[in-house]
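Novice: Listed here are the chains, written in short residue letters.
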Amino acid sequence: MDAYIGPLLFLGAAGLLAIGVVGMLLSNHLFRMVLALVIAEAGVNLMLVLAGYRWDAVAPILQPGVAAQPMVDPIPQALVLTAIVIGVGVQALALTLVIRIREAYGTLDMAEVRARMEVDVAAAGGGEATGSRERPAGGRPLPGPGALPEPPR
Amino acid sequence: MFWLLLGIVILMLTSAVLVLVLDNLLAALAASSVVSLALALVFVILRAPDVAMTEAAVGAGLSALILVLALRRLGLVGVGGRRVGEGDDA
Amino acid sequence: MMAYAVALPLVAAFLLPVLHNASRWLGILVGPAALVAVLLVVFQSWQPAVLPFAMDLGGFAPPWGITFYVDALALLFCGAVALMTLLLWPRDEGDGDADALVRRRSLTLLLAAAAAGLALSGDLFNIYVFYELAAVASYGLAAERGTPAAYAAAFRYLMLSALGSVIALAGIAIIYFETGTLNLAHLSLLAGELQGPTGMAAFLCLLVGFGVKAELFPVNAWVPEVYGVTTRRTAGLLAGLVSKLAVLVLVRLLVLVFPQEGLRDALLLLGVLGLIGGELAAWKARDMTRMLAFSSIGQLGLVFVAFSLPGTAGLVAGIVVAVHHMVLKPGLFLLAGQWGGGLRGLAGAARRAPLAGLLFVLFALSLVGLPPLPGFWAKFLVLTGLAGQGGGLGWLAMVAILVATVLEVSYLFRLAGRLYSRGDDEVPAAATGGGTVTAGVFGALVVAAVVFAPALWDEVQDMGAGAGDAALYVRTVGPMVPTMISGGAP
Amino acid sequence: MPRFATVLFLAGFAFLLFSLTLTLGFGEPPMRAGQGVLDQAVAGTGAANAVSAVLLGFRGLDTLGELSILFAAATAGGLVLGHRRPGGDGPPAGAILQAGTRLLFPLMLVVGFYIVLHGHLTPGGGFQGGVILAAAFFLPVLAGTGAGPDHALLRVVEGLAGTVFILIGLAALWTGGVFLEPLLVDRGALHELFSAGTLPLLYLAVGLKVGAELAGLLAHMARAGGGEA
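Protein chains in written order, with the working numbering: chain A, 1 to 153; chain B, 154 to 243; chain C, 244 to 733; chain D, 734 to 962.
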């Protein structure tokens with residue numbers, strides 16, 4: 001059965017990636033989208049480590065007093081370390097944005113956030129503002145980039 | 154070894170699906186931590202101790218901590234009627 | 244030497260908050276100083292006799308270490324990065340938030356370092372890292388204004404971009420599975436192993452990933468949203484610079500690793516869809532910013548059409564179209580920033596700001612492609628290339644370009660007419676000056692391109708020939724050990 | 734309609750992934766670059782841990798980029814959340830929690846620095862150690878016994894640590910080498926703490942930078958949490 005370990009783990013990685021991507025694309029909840037991103041990243045990381053895995057090899061660390069043995073490929077492991085840390089940075093930034101969106105719009109529903117954002121963008125552009133509910137000043141053309149009403153910090 | 158890994162993979166995939174379907178966000182977050190921990194175990198088996206350490210420390214620890222802090226900020230931790238105290242994060 | 248192009252902006256970005264606390268003037272000066280130094284380094288390296296050359300970072304020979312490949316094209320983009328970042332340097336928005344200004348400047352410097360890295364790097368994963376750095380910096384810049392809409396647009400941009408990054412990383416994993424290397428020159432030697440469906444799958448993953456920043460057709464939903472909520476300077480930076488560097492990465496991949504015909508056709512089709520879709524949306528847009536955003540999607544579609552042409556002709560056409568758009572779009576965004584957005588409020592604006600109006604007409608004429616402005620040459624090169632290639636897709640693309648040109652004429656001159664019309668209703672605020680001056684620099688670049696056209700033409704020909712030569716790339720990066728090409732170790 | 738396109742894309746993507754399971758080879762990687770890295774790791778960088786050799790030697794630029802990404806994320810996070818005074822969040826901590834925090838803090842500090850400084854010999858290194866350092870400084874906030882790390886100090890640490898990393902890289906350039914080339918690798922015997930030349934120094938810079946960045950991000954999150962929720 002050991003011959004199937006590789007395909008099994010790859011299926012696991014692909015499954016995590018697919019579940020994560022499904023969640024990011026189809027979920028309508030901002031926080032759950034971030035969770036789905038975490039899952040998708042986990043899947044890709046497993047995929048990368050698998051790319052350097054070698055049967056009957058040891059971890060790529062020289063032990064004192066032990067004769068040289070075949071080792072697994074260290075490069076994908078280094079790549080995954082980099083990818084994990086990058087992923088955390090992106091997640092944290094995404095969460096700060098989620099917090100701000102919740103404060104501003106009072107909702108975490110993507111469809112609703114998108115609709116409100118489009119109204120705001122149109123208003124800021126000075127185009128066809130279909131109805132700016134919370135910013136009465138939004139309808140007029142802006143004099144310059146610096147003159148947007150400051151949001152409450 | 155195969156059967157152990159099969160178990161871990163099934164655990165990972167089930168938890169991943171749970172992340173998407175659980176109503177309680179705190180529970181979904183816990184499920185995502187389960188994925189990370191299971192993944193760290195897989196990394197140990199794949200002879201990647203460095204990656205396993207990082208995944209456990211960052212994926213299961215730090216990332217979960219950031220997510221919990223964000224949930225608390227969003228006021229969503231009390232969904233099940235229970236508030237999460239300060240100590241639960243550690 | 245070229246390592247400074249990445250290292251200097253990074254050091255400046257790291258130290259900016261500290262220096263700002265120590266001394267206000269040091270904080271203001273350190274960023275521009277680093278960028279000027281990068282420009283000097285680029286000028287110093289621009290010696291045709293020594294180009295192209297490769298650098299083994301860390302002193303490890305390829306494919307073990309990371310390689311920087313410096314050719315005329317990479318230098319051109321490095322110089323453009325430094326110059327454009329200087330011109331579009333974040334300004335004090337007058338809201339008195341010094342801390343936010345320092346952070347925005349730090350992010351801009353990080354963006355410049357990442358863009359230089361993208362232009363130079365010859366290693367697939369290193370490109371991914373720099374791409375992510377550019378991405379994270381641009382998320383921050385997308386949210387810089389701190390409005391609710393800015394946060395929402397930045398979040399949606401982040402999610403789409405992160406999705407692309409995850410898929411691109413999966414593509415890199417697949418390539419590593421197949422070849423066991425990440426060095427582009429090494430991959431070029433092994434391109435035969437990536438001919439099959441597996442290689443195709445890897446390329447599609449990379450295309451989706453890098454296509455997000457390149458405003459490629461199906462993954463460009465973020466463009467109008469983000470450009471609508473940022474300052475116009477950031478919009479100019481993202482549309483002008485970052486998108487082109489993502490395109491450059493895709494072009495390097497196509498030339499070196501994936502020379503298959505079918506992939507070029509796919510790129511051509513996506514380019515045509517982006518071109519028509521973007522220009523149509525721009526034609527329908529009701530405010531200037533969104534008009535420019537959609538027109539940017541259309542122009543990037545044209546860039547993809549150009550780069551999908553085979554051989555040196557395609558590269559030359561692509562470089563001309565890309566550089567043309569890189570100069571024009573920030574200029575237009577700066578003018579839009581002067582005037583505010585809504586088309587209706589623009590009546591008679593050019594009468595009150597004649598220089599800005601003149602610049603707008605210059606940019607519009609070049610965008611449409613009136614000879615002898617550079618935009619004409621850009622479109623001319625693409626059209627002749629397509630005619631030479633022939634085939635059903637080629638003709639389809641030619642028709643698409645002509646239709647797009649008609650749309651461009653229609654919406655740009657509708658706007659120009661409004662700018663020069665007799666304004667009777669409300670008076671827009673007077674132009675504040677700074678933006679027009681910077682836009683004037685871009686206008687001067689356009690005029691200079693007309694004056695020095697013959698010399699530039701030779702330069703671009705050499706550049707395209709050099710960039711399209713995969714064998715030259717491999718030769719320059721260095722000899723690989725033969726066993727690493729034939730088969731694996733175990 | 735967009736939903737339909739999304740589902741179509743998902744189906745294609747899933748099909749692509751699962752068909753790859755049948756075509757990719759597992760367990761016998763080509764090792765075209767990897768074998769050379771393993772062979773040269775000790776001679777080139779002096780590190781017994783090949784993953785560390787790759788991270789700081791062979792692919793040092795990736796690590797620099799990664800530090801920059803963390804810096805960018807922290808900077809952008811600060812830009813988004815703004816600077817706010819820490820509010821009084823949560824109930825005051827009990828005696829046990831306070832005592833535990835006081836006990837844990839030095840312990841975590843020691844463990845963190847140990848992991849950072851032994852990264853070239855054993856599993857671990859700047860990233861893992863940096864996370865523990867960040868957690869150590871964040872502990873008082875978590876337990877509700879203190880205000881957490883000083884923000885101005887964090888800025889200085891993150892700025893200087895990143896600069897030191899680049900300066901060590903540039904030092905090689907100025908002494909006739911290439912950017913990010915490992916220096917002094919032949920000093921000290923393999924498996925000893927003071928071996929591998931500048932690698933431990935680089936890891937120290939990485940650890941401090943990662944620790945400061947993450948502590949800053951956590952503090953931002955927690956501070957926002959205490960604000961007005």
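In case anyone wonders, no lab produced these hints; they're calculated from the structure. Keep in mind it's a predicted model, so treat the numbers as computed, not measured. Note that CB positions come from ideal geometry on N, CA and C, so glycine has one too. It is possible that some hints are incorrect.
Which bits of chain B does chain A cover? Going by a derived footprint, with three or more residues having C-beta under 8 Å, they are [as the list claims (entries may be wrong)]:
id, region
1, 164-177
2, 181-193
3, 196-202
Novice: Does each hint hold? Answer for all of them.
Specialist: Against the structure, the hints:
1. 164-177: Holds: 6 residues of the region 164-177 of chain B have a Cβ under 8 Å from chain A.
2. 181-193: holds (count 6)
3. 196-202: holds (count 5)
In summary, this structure violates none of the numbered hints.
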